[in-house]
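> As a plain string of letters, each chain reads:
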Amino acid sequence: MSTVAFERKVNYLNVDHRVRSWLLTTDHKRIGILYLLAISVFFVVGAVSAAIIRLSLFTPEGALLHGQAYNKMFSLHGITMIFFFLIPSIPAVLGNFLLPLMIGARDVAFPRLNLMSWYVFVLGGTFTLIAATTGGVDTGWTFYAPYSSIYSNTNVTLTAVGVFITGFSSILTGLNFLVTIHKLRAPGLTWSRLPLFVWAHYATSLIMILGTPVVAMAILLVGLERVLHIGIFDPALGGDPILFQHLFWFYSHPAVYIMILPSMGVVSELIACFSRKRIFGYEFVAASSLAIAVIGFLVWGHHMFVSGQSVYAGLIFSLLSYLVAIPSAIKVFNWTATMYRGSVAYHAPLLYALGFIGLFTIGGLTGLFLANLGTDVHLTDTYFVVAHFHYIMVGGAITGFMGGLHFWWPKITGRLYPEVWSRAAALLLFVGFNLTFFPQFILGYNGMLRRTYTYPPEFQVLNVMSTAGASILAAGYLIPVIYLLWSLRYGQAAGPNPWEAAGLEWTTPSPPPASNFDKTPVVTHEAYAYEEAPLPGVPEVGRV
Amino acid sequence: MIGHRVAPAVYVRVFLALLLLTGLTILAGFFDLGGGRLHYANAIVALTIAVTKATLVVLYFMHVRWSSRLTWVFVGAGVFWLLILIGLTLSDVYTRPWIPALPPWGISPQ
Amino acid sequence: MSEHQDTVALQHQFDDAEQQFEASALGMWAFLITEIMFFGGLFTLFLVYVSAYAQGFAEGSRHLDLTLGAVNTVVLIGSSLTMAMAVWSAQVGRRTPLLLFLALTMLLGLAFLGIKVVEYTHKFDQHLVPGPGFRLESPVANHVQLFFSFYFAMTGMHALHMVVGVGLLGVLLVQAWRGSYSAEYFNPVEISGLYWHFVDIVWIFLFPLLYLVARHT
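Protein chains in written order, with the numbering used here: chain A, 1 to 544; chain B, 545 to 654; chain C, 655 to 871.
Quick caveat, the hints were computed from the structure, so don't treat them as lab data.
Remember, it's a predicted structure, so these values are computed and weren't measured experimentally.
Note that CB positions come from ideal geometry on N, CA and C, so glycine has one too.
Possibly wrong hints are sitting among the right ones.
[To be verified] Pair by pair, the computed Cβ-Cβ distance ranges are:
{"#": "1", "chain 1": "A", "residue 1": "TYR322", "chain 2": "B", "residue 2": "ARG609", "range": "39 to 49 Å"}
{"#": "2", "chain 1": "A", "residue 1": "MET116", "chain 2": "C", "residue 2": "ALA765", "range": "29 to 39 Å"}
{"#": "3", "chain 1": "A", "residue 1": "GLY358", "chain 2": "C", "residue 2": "ALA671", "range": "43 to 53 Å"}
Assemble the whole structure, with the sequences as input and the hints as a guide.
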């Protein structure tokens, strides 16, 4: 490693040390950091609630929590992880930080709106945490009516307000990204030269603005029913609770694509860089992001196969659910083809990317079991579903987030982290994850129901295995936190491009200056021009 | 000149057209135009008039007639997605009675 | 054109005023799409129920004051005209007409809200507000209560958006008075106009769906 002295240049981090310069910043890079801090708080809440659940399921009678207390715990876990960690994670942290850099812009289109989105997020999160600490909710993160609207005596309204407010944060972020990508691309940066990370965030932003308002309405109506007795879902008046589910899942299914698409964008960047090759089938990978976003809106009824929904509608939703798997598969094939005959370097980011591909494939394939009307009747509301979505959300989305965090850490902080520890942690995470969640496929297939605090004694071995795996998974997350924080103080100085990666963000110093680029770059090459040597726009640096 | 400048006379004409259509829809509401129990014909007429009024507002008052193709795509996407929501949700509700063996709980238009 | 305006407020992330204008408009359109989907959820549910409970919804609709609804429709369409004229005034840099049309739009908006207050008060007096206070002698009273749940949810949401719109107009008035707008920079007026017209469009659909369900029966 070449010894690049840590130059005390003015960058976005040290340009102003006052607290108010952070709290009133409109710099997209600082806002990305603010989001990282905020979602980390919620990740801890979600992780602790998960730990409590897994510990409680150590014994068939329920070791720690029973009844409503248990219901509140899994509700808290779902709500914090989905709305306050997964949905913002990559877009609000990495997207905010990187998008303008990747397209050669000075900032996003609406920087003040960007800051407002963070405050809105914090406000919504505060409401939800207050609701959680003063009794919580026992409805599950899905808030089904009429339990949530009439019968539950927990803090549904307060939680609903918190989630409703946070939805605006998502909408504002998506709105900002859409306009930024359309309007602020550097000269020469045509759509076909965009990094796939940008394509992924474009597709994600479409989902954010088209889907979020519908769940906002669903939640609002539940709140109105509780507070003002506007009983739209009240069966006693002739209301239909299934309609709540339609509005809820119209968003919440595409929401899972909000959670996975950015991660797929990250993986594209990682695979290209660490194979030193352009992404095979670039156009197909870009188009598949859009296809996932669009088709993803047509499948929500697969969450409602046994709800009382019409079987004919179920047929349509089932067929479309099979279709939505195709663009995901296209991505996996193209990533694999990219690595073939590539010059592969197994740094931590790539290990996470490989983990993503394997775990996402398993998660995705098991989704097909659930998309099938017949098998879903047996598998729905069992641990099979739980395992399926954790493979995608944790094995997929969070693993991608970890990979991206590691990949761009030198750019964001100007520091390198210890290589050996990072690879070990990535492997530990992979092992711990599989030990936690694979047994749950078997449990679900054999009939163990989800959201219950007891289970038949014959399921204990697999449950214990899952809990043990969770402890290893926890270590897999804890270790990177430790060495990443360590690196802020003691890490080696990173040059502008320690990975010798392609992309406009790597042409700036690490960390970048507040205004990103001294001169607006002009783009003349495709996104992953790895086969051209030397890499255009990349200053000469030594490898890590 | 930022944006496309529209002569005020155009706005006034659109306004008058909207008033006319409003009167028309109120008038039509008083006649049974047929369509069975659900008065489908009435509903179709009312919605057609409403869509026409909305289109006039979008095209002229909101300048979409002279806007970029990107704006057209945004507007179109919004309408299209709304139709997805309405269409697929109604496809559930309207096809529930097709299986008479199932208990008719929940809503099913008879 | 007044001498007192600021120079064109060009934010640092934009290259020129034209780009900033287009970006602002696009951003507002993206927001309006979210509003389409937000109200759309409510409209979807309404469409389901109005076809399932036609009799109850027709009866509910007949309890609404058609005259007030029609007047409100005319008021709102008029306010869209004055709003469009306000944007035009800003575009050609004429401050006085801009102030006039903004004020007119605001007044018409307030008139709309005032009429809504009158209507809501009537419904309260007639015991037609959903909840424990609802009272009606009818074989389909439950469905009529559902209708009024929609009536209050939909017109209430709409009214809330009107209040925000009136607030925006207030801000615009103050800014326009201070000479913040010129022919080169009137983005806030333009995008507020888009918002206002959208709220008008929502009412264009609300009016027939709620007030004209079965006037002929």
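> Could you check the hint for me, namely that MET116 (chain A) and ALA765 (chain C) are 29 to 39 Å apart, CB to CB?
holds, 32 Å
> Is it true that GLY358 (chain A) and ALA671 (chain C) lie within 43 to 53 Å of each other by Cβ?
Hint holds: Cβ distance 51 Å, inside 43 to 53 Å.
> Is 39 to 49 Å respected by the C-beta to C-beta distance linking TYR322 (chain A) and ARG609 (chain B)?
For TYR322 (chain A) and ARG609 (chain B) the Cβ distance comes to about 41 Å; the hint holds.
In summary, this structure violates none of the numbered hints.
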